[in-house]
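Asks: Residues per chain, in single letters:
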Amino acid sequence: MSDITSQSLFELISNIKEKKLSSEEITKAFINRAEKSKKLNVYVTDNFEKAIDQSKKFDSNPNFDLKLPGIPIAVKDLFCTNGVRTTAGSKILNNFVPTYESTVTQNLWSQGAILLGKLNCDEFAMGSSNETSFFGNVQNPVGENLVPGGSSGGSSAAVAANLTPVTIGTDTGGSIRQPASFTGTVGLKPTYGSCSRYGIVAFASSLDQAGPMTKNVRDCSMLLEVISSFDQKDSTSIDYKRNNYSKELSKDIKGKKIGIPKEYRVDNMPDEIEHLWKNGISYAKDCGAEIIDISLPHTNYALPTYYIVAPAEASSNLARYDGVKYGFRSPGQNLIEMYEKTRSEGFGDEVKRRIMIGTYVLSSGYYDAYYLKAQKVRQLIKKDFDDAFSKVDAILTPSTPSSAFKIGEKTNDPVSMYLNDIFTVPINLAGLPGISIPAGKDKNNYPLGLQVIGKPFDEQNILNISYALEDKINFKNDISDWWLSE
Amino acid sequence: MSKNSEYLIERENKQYEVIIGLEVHAQVTSESKLFSQSSTKFGAEPNTQVSLVDAAFPGMLPVINEFCIEQAIKTGIGLKAKINKKSVFDRKNYFYADLPQGYQISQYKYPIVGEGKVILDMPNGQKEIGIERLHLEQDAGKSIHDIDPNNTLVDLNRSGVALMEIVSKPDLRSPDEVNVYIKKLRSIMRYLGTCDGNMQEGSLRADVNVSVRLKGETEFGTRCEIKNVNSIKFMQMAIISEANRQIDLLEEGKEIDQETRLFDTKRNETRSMRSKEDAHDYRYFPDPDLLPLEISQELIEKIKSDIPELPDEKKKRFIDKFNLSPYEATILVSDIETSNFFEEVIKNSDVKLATNWITGELFAVLNEKNLEISQSPVSAKNLSKLINLIKDGTISGKIAKTVFEQMIDGDKDPLIIVKEKGLKQESDPKAIEELINKVIENNSDKVAEYKSGKDKLFGFFVGQAMKESKGKGNPQLINKILKEKLNG
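As you go down the protein sequences, you meet chains C and P in turn. Residue numbering for the first sequence follows my numbering, starting at 1 and increasing by one per position. Residue numbering for the second sequence follows my numbering, starting at 1001 and increasing by one per position.
What the hints contain is simulated information worked out from the structure, not anything from laboratory work. Check the hints yourself; a few may be wrong.
[Said to hold, decoys possible] Distance condition first, Cα-Cα at most 20 Å in a straight line; then the derived EDC-like pairs of lysine to aspartate or glutamate:
| no. | chain 1 | residue 1 | chain 2 | residue 2 |
| --- | --- | --- | --- | --- |
| 1 | P | K1109 | C | D368 |
| 2 | P | K1092 | C | D368 |
| 3 | C | K325 | P | E1343 |
| 4 | C | K233 | P | E1045 |
| 5 | C | K325 | P | D1121 |
| 6 | C | K233 | P | E1301 |
| 7 | P | K1316 | P | E1468 |
| 8 | C | K233 | P | E1372 |
| 9 | C | K341 | P | D1098 |
| 10 | P | K1080 | P | E1405 |
| 11 | C | K20 | C | D59 |
| 12 | P | K1014 | P | E1251 |
| 13 | C | K325 | P | D1148 |
| 14 | P | K1421 | P | E1405 |
| 15 | C | K325 | P | E1066 |
Here the structure is a predicted model, which is why all the values come from computation and not from measurement.
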């Protein structure tokens, strides 16, 4: 048997079911590795003691009918967890302990999983490098001083570094897929409405969606199966029949039509990305898929549209962090002063930047020119995809325009940071499912990802295509455990 | 409306007309809040009716309470208004300590109910007031400044309670019309069971928009909005005071600034709260946590079929069926409880007598004791018994008043009172004849005067006979027999 922490979710599940491993052994193995991996800074809050107790409890009366029997899982610190501090990577929630559980995490625990701890992320999920977290940046296990991507950077790093078998992140403009791409892991953003937003600290309500982050496509299908559910507590949750994604997973994609959008061939795109994409296309052909050139004409407008819509919603969503009810408060002589001090000291620069952008684009006199226009463009972007999906079953693109960059490299250039989301953002605007799978490496040996985009509710199809491509690509992450301490 | 009933404010041979529009905030009658399941019960301990959603905890999401939607539709139908099949919930963004989300969920561009109307019964005829719109929104919590010397305390029990904002067109022209309008609105909503209209508990409050113009002008003047006035009396005072303030400014050749004002009830004057320049930019935008609200024709039809008879229709029926005067009918339908009481009484008794007794004696008692009709000390059942005693001649109208006075104390059965106190009317002709004989015997001088042509003395003999009967003599019989005796 290979080292416990390097096993896939499926391996762990079968080892538990066959009683080759106990939940306690597995839990302790991940905890031990985490203790030696502090340099990566993936944890904001650990739940190790309780996790061991729960694993023992599971072992004393195991239920092997559950989908995640006794499996320890760490989750992004954007999910509210009952009795466990939830910070959203922000000082303003530094001391916040929810008395309730998010639906998505509840779904994990209901299937036997055990909370290992809360993973670092960009503050309120605003960032592409995990550098905006109040709790410090996260190291990418792929290489020292490399960002793990963001905003689910703690999550991607934890999976890549074998600190959790799988994890869940959230994706508003690429926050699952981009970090997956940067760390050589798999990340899926489901259709908007697939996973409940109840109990997830909101960034941009019309775009936010939770999703699985895993080592491989099969684990991803299982985790999606567990977390996706209709929830009456979220008015935007959609009631539709969900697949048994892991059972129905198949590499047979013969005859599937896969679209290649010409607009994703952006200016100054590195050759290695172009090369990666070509490889992906030829693998898809090898699997019997039919490749079709398509056009998504409004792609160029997606990023500016996103950077109006998301900050607008965020500026309103974050108004509740005012020092009055919970979280951080900086006292003032009067209410206004308390607000100003609390929010000035409690939020970091990137969050403040987006609150200001959002406030501006919603202001009277600017609303029509920015927010309303952005909403119209959003409809056009959605229509692009609708038109394309009348011709194809799925769309294949690179996940990101580059590989992981150095910590600090882009912190003073927000626009260049925002450009990281160029391939992922349109999918959130259109509410579609998208998955990033590791597909190759750049000249520095850093992982690169390919993105498969599907029709609404067609997660099964993009999982199947990814499963087939994964087999052909046969990607191996080259991680040296350079950060381990004794 | 006739010219002489116009409400005009005079200034040195100039006459000013007052233009009023109201934004009424009516609390929706509902067990739970607009977007959460917390109770809306009034008067609970502070912060005991607050859910995680109401207190805006991270990750909490609003879920529409469909009952409140139905209540708004119902009210819209009661206002003869257009129900919009698609409406949108927007966020109205502003910071305040009692606004946990940092925004209020309201409806801005696309309200649930569009244009409608309310008919006012004014002393000199009917007047129609246009309704601009009705939209749903959340109430905020309550800031309490006078308990702790150093801090403001916040009670979130009210946070998230459903309100209907009913916006009138600027069709109101006098404090009297405002009085009748508010009462009519309240009456319609109470008939529908969509708002209890309880102003003491804050279930009904209004922002009052006032402008003035010279009589004959067709353009509106600059208006000021007086925020959050919570009684009809204060609305009327605020309007008079604000209209005079504006006219004074115009008379001095000054301009009126469009602004939001507050009414100081102690000083009876309005004070500037904020000018147009300082107006909040609420940054309204559609709430991304809620899908647009879509209402099916089936639901509208279903609600329509459940709409009870409303005051205007009931009034018409009372006039047509019971032959009531418009005045009587207006009074009896003004409140659902009153009309229910009336209809209960007339189930088993005479309509005309019931109308007189309810609008006369009963209302007098209620006014005196400051009671609602629902708290009436005399039940409909016993009042109808009393009326039947009058109708069948068991007691006279005059005795009935004595009986009624005794019924008030514990809703006593009038039959028992009449029996116990021996108040039954004397209707035996022989007995009446006997006592009339006695009266004639004792007043032979007056009889002579009468017979010599002093007709007016007839009333004196009636009075004497009544006195002799200790008030119990049947007045018709006394009249009849007296006439026979005196004229015979």
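Asks: Give a verdict on every hint.
Replies: Against the structure, the hints come out as follows:
1. P:K1109 x C:D368: 13 Å, holds
2. P:K1092 x C:D368: Distance ~16 Å between K1092 (chain P) and D368 (chain C) Cα, so the pair holds.
3. C:K325 x P:E1343: 52 Å, violated
4. C:K233 x P:E1045: 27 Å, violated
5. C:K325 x P:D1121: 49 Å, violated
6. C:K233 x P:E1301: Outside the cut-off at roughly 28 Å; violated.
7. P:K1316 x P:E1468: 46 Å, violated
8. C:K233 x P:E1372: 41 Å, violated
9. C:K341 x P:D1098: Roughly 18 Å separates the two Cα atoms, so the pair holds.
10. P:K1080 x P:E1405: This hinted pair is violated, its Cα atoms lying about 43 Å apart.
11. C:K20 x C:D59: 12 Å, holds
12. P:K1014 x P:E1251: 10 Å, holds
13. C:K325 x P:D1148: 17 Å, holds
14. P:K1421 x P:E1405: At roughly 13 Å apart (the allowed maximum being 20 Å), E1405 (chain P) and K1421 (chain P) satisfy the hint.
15. C:K325 x P:E1066: 28 Å, violated
Comparing the model with each numbered hint stated earlier shows that hints 3, 4, 5, 6, 7, 8, 10 and 15 do not hold.
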